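Visitor: Going down the list, the sequences are from chains A, B, C and D.
The opening residue of the first sequence carries number 1 in my numbering; numbering runs sequentially from there.
The opening residue of the second sequence carries number 1 in my numbering; numbering runs sequentially from there.
The opening residue of the third sequence carries number 1 in my numbering; numbering runs sequentially from there.
The opening residue of the fourth sequence carries number 1 in my numbering; numbering runs sequentially from there.
Any given hint could be a false lead.
Claimed, not checked - Just some of the chain D residues that point at chain A, by a computed CB distance under 10 Å:
no., residue
1, VAL8
2, SER10
3, ILE11
4, THR12
5, ALA17
6, CYS20
7, ARG57
8, HIS63
9, GLY64
10, CYS65
11, GLY66
12, GLU88
13, GLN92
Don't read these hints as lab results, they were simulated from the structure.
Please read these numbers as outputs of a predicted model, since none were measured by experiment.
Each residue gets a CB set at the ideal place from its N, CA and C atoms; glycine is no exception.
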Amino acid sequence: MLSWTETLDGPRSLITGQNIALVTIEDPGLIEVRGKPRDRALGKALRTLTGSPLPTTPWSSAGTETLRLLWRGPDRWWLLLPRAEAAGVADDLAATCGRKAAVADLTGAHAALRLVGSGAAEALARTCPLDLRSVEPLQARGTTIAEISVTLLRESESVPAWLILVPRSFAEGLARELARAIRTTAALDLFGSRTPPV
Amino acid sequence: MTRRYSFLSLAREALRGHRGWQPAWRKADLRDRYEVVIVGGGGHGLATAYYLASEFGITDVCVIERNWIGGGNTGRNTTIIRSNYLQPESMALYGLSHKLYEGLTGELDFNVMFSGRGLINLAQTRHELDSLTRIADANRHFGIESWLIPPQEVKRRVPILAMENTRYPLLGALYQPKGGVARHDAVAWGYARGASRLGVDIVENCPVERLLVDGEKVVGVATARGNVLADKVAIVSAVATSEIAATAGVRLPLRSQTLQAFVSEPIKPVLDVVVMAGAVHGYVSQSDKGELVIGGGTDTQTDHSRRGAPQRIEESAAAMVELFPTFSRLKMMRQWAGTVDMTSDRSPIIGPAGPDGLWVNCGWGTGGFKAIPGSGYVFAASLADGRPHAIAAPFGPERFRDGRVIDEDAAAAVAH
Amino acid sequence: MKGRPHRLKPQAGTPFGRLIDRARPLDFRFDGKRLSGVTGDTLASALLANGLRIAGRSFKLHRPRGVLGIGSEEPNALVTVGEGGEKTPNLRATMVPLADGLVAESQNRWPTLRRDFAGVANRFKPLLPPGFYYKTFKWPAALWPFYEKLIRKAGGSGRAPEAADPDRYEHVHLSVDVLVAGGGLAGLCAAEAAAAAGLSVLLAEETARLGGIADGYDGSVDGLFLLDWIRAKVAALAAHPNVHLLTRAPVVALHEQGFAWVVETVTDKTTADVPRERLWKVRARETIVATGAHEKPLVFPDNDRPGVMLATAARLNLRRYAVAPGQVAVVVTSGDEGYRTALDLKAAGVEVERVVDLRLRPDSPMVHIGMAMGLSVSHGSAPVAVRSIWGGATVDSVTVANRLVIEGAALTREIFCDTVLMSGGWSPAAQLVGHLGARLPFDPAIGAFRPADLPLGLQVAGAANGVFDAVDVIEDGWRAGEEAGRRLNPKKKRPQNRMSAEFDVTRDDPSEPVGMLPDPAKRYEQARAFVDFHNDVTVGDLRIALSEGYTDAEHVKRYTTLGIGPDQGKTAHGNSAAILAHLTGIVPTEQPHTTFRPPWTPVSFGVMAGARRGDGFKAARRSPLEQIIRAGSPPVEAVGQWWRPSCYPVDGESEEDAIRREVRAVRSTAGILDASTLGKITVAGPDAARFLDLMVATDVGDLAPGQTRYALFLDDNGFIRDDGMVARLSPTRFLLTTTSGNAARAYDHLEKWRQTEWPDLDAHITDETERWAQVLVSGPEARALVERLDGASTLLSAGSALLEGMVEGVAARIMRARYTGAPSFEIAVAAGYGPALWTRLAEHGATPFGLQTLERLRLEAGNIAIDHETDGTVTPFDLGLGRLVSATKTDFLGRHGLMRADLTRANRKHLVGLVPDDAGLVPPPGTQIVDGPSAHPPRRTSGHVTSSGFSPTRGRAIALALVANGRARMGQTVHVFHAGEARPARITGTDFAMGAL
Amino acid sequence: MLLISCPVCSITADETAYTCGGDAHVTRPQSLDPSYVSPERLTDYLNLAPSARGWCRELWRCHGCGSWFAMLRHSGNNRIAATYRLDEALPQPPEEAV
Ligand SMILES: Cc1cc2nc3c(=O)[nH]c(=O)nc-3n(C[C@H](O)[C@H](O)[C@H](O)COP(=O)(O)OP(=O)(O)OC[C@H]3O[C@@H](n4cnc5c(N)ncnc54)[C@H](O)[C@@H]3O)c2cc1C
Ligand SMILES: NC(=O)c1ccc[n+]([C@@H]2O[C@H](COP(=O)([O-])OP(=O)(O)OC[C@H]3O[C@@H](n4cnc5c(N)ncnc54)[C@H](O)[C@@H]3O)[C@@H](O)[C@H]2O)c1
Ligand SMILES: Cc1cc2nc3c(=O)[nH]c(=O)nc-3n(C[C@H](O)[C@H](O)[C@H](O)COP(=O)(O)O)c2cc1C
Ligand SMILES: [Zn+2]
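One chain only, chain A, in its complex shape (with noise of 0.2 Å):
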């Protein structure tokens, strides 16, 4: 069997400050389902698969830690989940969800990097224009950032934390640009107490 070549080199931290750590992630396994978002046998596969009803709020996600699925368009989902397993998903799904729907394995079409920290704000003010900041935990948006589409999940736990999945050809190039905004350490110190002069 051949082996893979991770997009980041797995695992790593590619730059930690004070407040923020940026660290490339395994390449996930990613699917993409296409269908109506009423179609009974699509959304059925997708429940039995995840335990939840299909996510059909804009950008919000259903699912477990290991395996998410949330919504990247109209009729576009995006399941996220261990790369191994993604194959075996594929095909199973493929099978259940329908003549109407359809279903590609899109792994190793994204790399993934995690942004973790109360900093996160503040990288991703440099490099996002979005407003972030009506993000819900779990909910997604496609956006860019340094200019390289991205999708962006905000993760639920209670620092703020944010999945970032990036086509795998930009995946150097965005690592490059997160890390070179997070080593500025002129602060943008939104919204702080600073009191210039008068």
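Fit chains B, C and D with the ligands to the known structure of chain A by using the hints.
Guide: What follows is chains B, C and D with the ligands alone, placed relative to chain A:
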């Protein structure tokens, strides 16, 4: 009254406190009929009027301008002048124009500051190099001085161009030694003055509201100051051309898009040629006053606001820093925008527009400043003759029906 | 003795020098001279403290100029700061904080500021009226390039740095409820009220301090001295969790829908991890412009001499930096502001010879205080001349005249002094409002433009709104902040406890809106009365422009250069409007301003580019095989955002040699190419076939599962956009491949048509490009090579053109292809397995080959490549690929477009082979095909070479070309030019008569 | 820099998160009846862009969720009256003068 412009007349006027200058163009009153009415006092409209009077003896002409002359795209363009186009139709038109520019100062007795300082179009990808090779070879056979130069020569002509640590390599460039720039305002004013002296009426602050139609024929225009009859109505109003033509049921394939530009604060000369770079989306020249005049890409949506999206400016600034790392601490002093009249094949529309008596000259998009003298000449010839001049003929609006594109965009991918 | 500006001796109990720390001196250099200032100084205040009057030279006339203002409005004192790559030209000395070791230089002078050769321009001023260059330098025409060189030399102010900028810049995005531009009294109060309404607020202030120019005024609010009251407000705002305060951060541009650019200077001393400047891209739901006002100069002859300064600037220089403008002063003023300055000067020990008040009967508290304090005041007088006794540059006296009978010689009087401080009232600095397209009407009451009809989401407060007295400014700020609250929370009731304060401040009478002095002017005087200081535009110039017919404000601006300098006429536009109205006789309210455009103050290219430089300029994409294929640093080329190896030279081979070796390897054994960058898109669903048949010109709906077909994608005009293989994976699932550069575009294109034109078709499009690493194995031994992979032979035995199954234990797709002209297989595995697959194939002896080799191979095979044989104007029939256009489908993109007259014309350009007689001559792509090789142009051309190269297989140069009517011209000889010479070439078929390769 | 709300995924983001795709509600004559398309209609369809000053309807694509939708915007001052899904009823421009 002092009519001629020269150092001597300037000195004479200096002695008497500059009291004797004639207005550059008469503030004419709108009459109620003319042989030819030209709608739009931009470069193309004014040049058309001038050549009608000077070359074809037709002086019963009025240029009607909505605001102030030269305030449309002519007054907000980055003034790049070149004739190294790809298609033979274009080479004929822009080549004529380029030649007329070279003698324009003398012709108009008005220094339009045409500066054939050289123009360099960088090739930074293999595809660009192939496209520019195609243009260079087309130019060579047509008789237009323009050729490819290797990277070392580019560097010699533009010593401040970055050669290391760049995103794209430099593979060569298309060089037109006589390409350059001119003073945009002077071109409008010079033609206005020339036309006015030959008897053409120039009426400003007078919007044309619609065409007057009699049966199948266009017989004049309705303006804010009343109706004006004319044997021929020529609409030369850039984006507004389609709005005006529509009042006679003529539809033109023009799209209104925003094109922006900006200038740096004036600095001492650093850049002696015009540099265009497609791969990074930016182009620059340095004006005689010292500002770097910089432009880039168009916004995609329909927009008449004459403002523009700031990301385009960012893009052009980034392109500049990428090409010229020493520009990074220079500062943008002013940015502005124009609404350009884009056609689907990026070539202009010149010719009769359908109804008798109606002619149009528009669709110059992002690159019509360089064409002002040539277009003015061939359009005037067409109006005088009642049929398109040979150089203008391929640019008639019927080409869109036939699918006969004069595609300078897809094939050559060089804007301006 | 001639007085000079100087620093006051420390004196306890005076309000002077509140920002400086005399105990901490700083050394700096100006024009090479070592000078010293103190901590807290600006470069301008330090220059004045050192007694330097001349700070710069004007743009056109090279007139010596001193510091005129106090902030970013400064038109005169433009300097270059720093050295090497950190050199920054055209900085306003008033905005440069003094730092130890700072190196500054004056500009636009040679050899020195005091003795500037180009200063002679001033002597020839009559020869340099507006637009003189349009009238001269015309003869002889041949000399124009020479004249132009001279003009260019004379133009420009500072110099560009010679070295690359070592500093970093960054962008930051922030969404807030309210953006407040300006941190003066108005801005602070607006921020306070907005925050109190529960809104998030970003307040951006241009200078390093908050409070604006309030420190130029006395009085108390709520029992606190004005400044202390402000301090308390600032502290409260800073502590507020919803308020972010920025200093050294001008709002430079306002755009649609609350988008604004704020440029913050982060530091003057950068390190690798600290950016020099930061561009805040702010999105605010409401914007409050509280940018204050600029004091207007008075326009009188020689009002530009060094030593003539704005009155409030002089007062602020005293109060902030303890710098006095001279020793003997005359204050000329059209309002109360001059009295304040006069009183301060007096308190600072500067002799105030006279306050010349233009008003006939001023009767305000300030005037009375002034008189009570013993100021010598004349009413109804105006300055008519400023002189220097020995012909020097500066000021020795000012002549004032009675305004009512200004020409009567008896009524003029020369007052000796060394500095003249002028105040012509205030001009609201609301240019930002104009960025959104709003026009500011001229308000004759203040002689300046003042915002009125505001665009949505925008308010103006304080002096920018034409409200000047501190009491009113505070109220106006609160009003704006509360209004923002009301707009954003319309349901919420008005705040219970409205803000209020107890005031004890003097109120001013309005200044008299004088535009130009002296009113009935002599020409030679007008020629020296400056309106635009930076660009040297005088009243006389305006009059000349008008007389020449340049009467529209926009024409005046362009003809005279009024207001187009780096200061964008901040101190000029109020005066010029009043003067133009006066000269033309238009009702002043009808006098328009020219368009106010961004930026408010100049913005560095570096900060606009932000991180987009070097490797951040545009992200490069990396193939999954990147590390392996680029290990030996092969030459690469940009394809879309990818870098692809051209070929893999070994042992110092040239590129061409490597390509030929690789071609031979593919022709004789087998080679491998990284094809991961090719687009791979699946279309799935019950209507997938129908949808694709609409999108593709070629019939594809009839493919059986496992079958593939080469297909063309057209636009609706009928021109080729892309090509690729279409494979049917299953009855309801198709795979499309696209060219590398087009993958993303192709996906978008398919989605657009599906969603917008055929929303009812049940087809799902998935971009799988990034999912697969793909290796093209090509050559006679390709099959054998592939079969050595575990599981591949079983898979291949199924015989279909496209196979899905397991290879080497992982899911794989194998597609047969013949693009190179040799038997080929494209093997795709999930991206992470790519490197291992490649390594395995290479171990089995396959020769890696690059993109240029592929180009050469497909050229030999006569196959087209998008963007080589196509250029957006080429139809399938032109390329001889008519068979790929369905004859049966009633509709597909391009079908109807293809039927138009010009696309069906007989003599269109056809793709043909081209074989130069000289077997070694390779005409580069783009070379034109010439019919008649006459010695001189114009020569008729009938097409161009689209691809070319030396064919190792044929042992000669070959090319593809688009040639008019080419298919009817087989065997004919045409010409291509090489090294200036016509060289014959023969038109052939596109297979180059090579038969099967 | 427009601020655009995607009617499909309801995210509000800068113009840079969207792509303009030209005029909305353009009728492609051959989709109506591929058997006969008059040259005039084809010419209009392929070349005309109703891009006059005033309220215009354009297609935009949301990069976030990948959806195409329409936007009703005033091309003179860039005011956005509405964004709407392509299967929704057409919203009308506001009455008041702009
Ligand atoms: C930022 C920018 C950069 C450019 N750079 C270059 C370049 O480098 N090189 C180049 O060659 N070209 C360039 N161009 C293009 C060039 O400016 C134009 O193609 C050219 O100026 C068009 O001239 P015109 O006379 O057709 O139009 P305009 O100059 O726009 O004149 C049209 C006139 O018609 C008037 N008008 C409109 N409606 C009416 C009405 N109803 N009644 C009366 N009058 C009316 C308008 O007020 C206007 O004055 C650039 C354009 C822009 C915006
Ligand atoms: N008679 C009087 O008492 C009288 C007369 C005139 C002025 N004043 C005084 O003038 C002041 C007016 O207050 P105000 O707040 O309206 O004006 P201000 O001038 O005090 O403050 C405006 C602030 O905005 C800043 N600014 C300007 N443009 C900016 C931009 N684009 N971005 C960011 N910041 C920018 C300036 O640096 C300044 O700090 C009051 O202090 C008032 O007392 C008083
Ligand atoms: C070639 C060229 C050079 C320009 N140089 C300057 C300049 O030095 N200073 C300036 O303020 N504006 C300059 N402008 C911009 C004009 O001031 C103005 O913005 C432009 O003509 C558009 O008009 P508008 O801003 O009134 O809409 C220049 C414009 C052009 C076309
Ligand atoms: Zn969306």
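Visitor: Hint by hint, note whether the structure agrees.
Guide: We went through each hint and held it up to the structure:
no.	hint	result
1	VAL8	holds (5 Å)
2	SER10	holds (6 Å)
3	ILE11	holds (7 Å)
4	THR12	holds (8 Å)
5	ALA17	holds (7 Å)
6	CYS20	violated (17 Å)
7	ARG57	violated (20 Å)
8	HIS63	holds (6 Å)
9	GLY64	holds (4 Å)
10	CYS65	holds (4 Å)
11	GLY66	holds (5 Å)
12	GLU88	violated (13 Å)
13	GLN92	violated (25 Å)
The structure is inconsistent with the numbered hints 6, 7, 12 and 13, although it conforms to all the rest.
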